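Enquirer: The chain contents come next:
There are 2 protein chains.
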Amino acid sequence: MISERDCIKLIQRFASRIKSDYLVKGIGDDCAVITKDETNHQLLTTDTLVEGVHFNLKWHTPYLLGRKSAAVNLSDIAAMGGQPLACLLSVAFPEGVPSWFEDFMTGFSKVLKEHDTLLVGGDTVKGHRDIVITVTVIGEADKKNICYRSGAQPGDMVWVSGPLGNAAAGLSLCQKGLCNLSDPADKWQQLVKAHLDPVPLISLGKVLAESGIVKAMMDISDGLATDLAHLCTAGGVGAEIEQGLLPVSENLEQAAAELMTDAIEWIIKGGEDYELLFTAKSSDELKLRQHVAELTGREIYSIGRIIEGQGVFLCSKNERREISYQGYDHFHG
Amino acid sequence: MISERDCIKLIQRFASRIKSDYLVKGIGDDCAVITKDETNHQLLTTDTLVEGVHFNLKWHTPYLLGRKSAAVNLSDIAAMGGQPLACLLSVAFPEGVPSWFEDFMTGFSKVLKEHDTLLVGGDTVKGHRDIVITVTVIGEADKKNICYRSGAQPGDMVWVSGPLGNAAAGLSLCQKGLCNLSDPADKWQQLVKAHLDPVPLISLGKVLAESGIVKAMMDISDGLATDLAHLCTAGGVGAEIEQGLLPVSENLEQAAAELMTDAIEWIIKGGEDYELLFTAKSSDELKLRQHVAELTGREIYSIGRIIEGQGVFLCSKNERREISYQGYDHFHG
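Protein sequence lines, in the order shown, are assigned to chains B and V. Counting in our numbering, the first sequence runs from -3 upward without gaps. Counting in our numbering, the second sequence runs from -3 upward without gaps.
Treat the hints as calculated values from the structure; they're not laboratory data. Since this is a predicted model, take the numbers as computed values, not measurements. A few of these clues could be false.
[Said to hold, decoys possible] Below, a list of computed lysine-lysine pairs in the DSSO-like style, where the Cα atoms sit at most 30 Å apart:
1) B:K32 / V:K172
2) V:K189 / B:K139
3) B:K139 / V:K109
4) V:K139 / B:K5
5) V:K21 / V:K139
6) V:K139 / B:K32
7) B:K32 / V:K106
8) V:K106 / V:K5
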């Protein structure tokens, strides 16, 4: 067995053997970036969802699974500040194409349409035992605006675009049979929806990238602790997060109490929130807040700061503990 | 269950709902084609290989599996006359990344290098039960040269680039434990190699596309009967194939005899040969042959002609029988 980190190194070794002006950024960011023309770069991302690992048809309706399959890939384009343009879909079914695939396609294409993205290629192949969904998205961005993971500097503020831990809580609720998405009054609605139907923050990503203020950006797919550690490693810096500043949904604590879990675990380790994580100079705090509010009507949340050195630390009144890479683990999560 | 053909129609329905100048050719060809700039189009293709369906690690060494995973995707770029440029790889492993993945990556990147293609993105995800390999390739071609599946006209000659049925024979030999790739003198070497280590015909595809003579082109991945039926359907035509003209490797008949199979089944139904299938005016026969011989040193083989109407027919001395869509079936093959 090869550890996940060694595996990425292995792939990077093969990827970096060939150099080219064509390739701006290879493996190690939310998207690969290649030269398109004098003004624009192209963004490329691909992701695989496996039944029983990344989704469970017991609680994920085909329509919402279609939506999520598109959304999580579009989120990688959002994370660099790009506009998605085209999408390829490949699905492996073990026993022929099930009739629910039409609902899946309805959800899938609806999310693409919401973000002006075209489905340009699609195919189904024979699977063996698992349903496997692979989506590739091609996007574009003005090359001077693209936000990479690297670029954070000591003194920068660390920001997130919205509440954390909702998707992890929603997954737990689904696993316990406590989700009822068809009842709009259900108190877990927001948490369950975060897991089943995440929203790719394309407009916000573009606004942040075009602001000229954001220094580093990525989306939170593997949990704050792991993804902020990625961002810090890419920039050769560390980070301190203030526990009291972390944005949390109203009923997250209540769900944690009912499920006898510690909410902070969901908040820092829970994956799949697909919120944006970014940094900007402290002196730009007000400017950034206003810029985002004016153009999107959204609030954004400063949660800590970039420091010299390495490691991600969670600070509360009495404690400062390292939480680097403690999030979702692809192989042992 | 939805049949494979209905499924493609379903995907096409969702794909074609949105129209755009950006999208030149969507689902239904070897690659999706999108506008890059005034001169060039971009070619996009993705394909998924599932353990136990598309490959078997009992006889496929990781190094050769890596080579094949790259090659079958590059072949889709060859089929339209393009140059592959960039590649994304996504692999799902059920129980962590095995140590043989390094050999896989060696083979994978070697084929990319042979065709001047960069690995720009790669990731492994947790699988459930099956190993699943998904590859996406981005290529480019001068828009005036791109060869589509459509474009064949009654009277055109039908051509193939090389012997058919080798890969199907090679697979049968592997399944019976009769392959010995480490012995260069092994009599089944050529057949087994066709299955384990197919060659994407990038240079030939470009020469054919740039000739200005070829009217329609695709690669043979699902077998001659099925793929020629695809080409005919795309052009609104039919085809007649002369059994006596089909190019066959020296020892294919011998392998068929030893395995008590009819060689013609492999030749017309066997998938994965990755030879090119193309049409051109009868009057261009000599010109095309000479052009290809001069630029590539290769022989090409005329195997029949395009006719009015529909259906693919195999003609021998005594018989004319329809063979449309009788090849490899993704779900029941």
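Enquirer: None of the hints should be skipped; say for each whether it holds.
Expert: Hints and how they fare:
{"no.": "1", "hint": "B:K32 / V:K172", "result": "violated, 49 Å"}
{"no.": "2", "hint": "V:K189 / B:K139", "result": "violated, 44 Å"}
{"no.": "3", "hint": "B:K139 / V:K109", "result": "holds, 27 Å"}
{"no.": "4", "hint": "V:K139 / B:K5", "result": "violated, 37 Å"}
{"no.": "5", "hint": "V:K21 / V:K139", "result": "holds, 12 Å"}
{"no.": "6", "hint": "V:K139 / B:K32", "result": "holds, 16 Å"}
{"no.": "7", "hint": "B:K32 / V:K106", "result": "holds, 25 Å"}
{"no.": "8", "hint": "V:K106 / V:K5", "result": "violated, 36 Å"}
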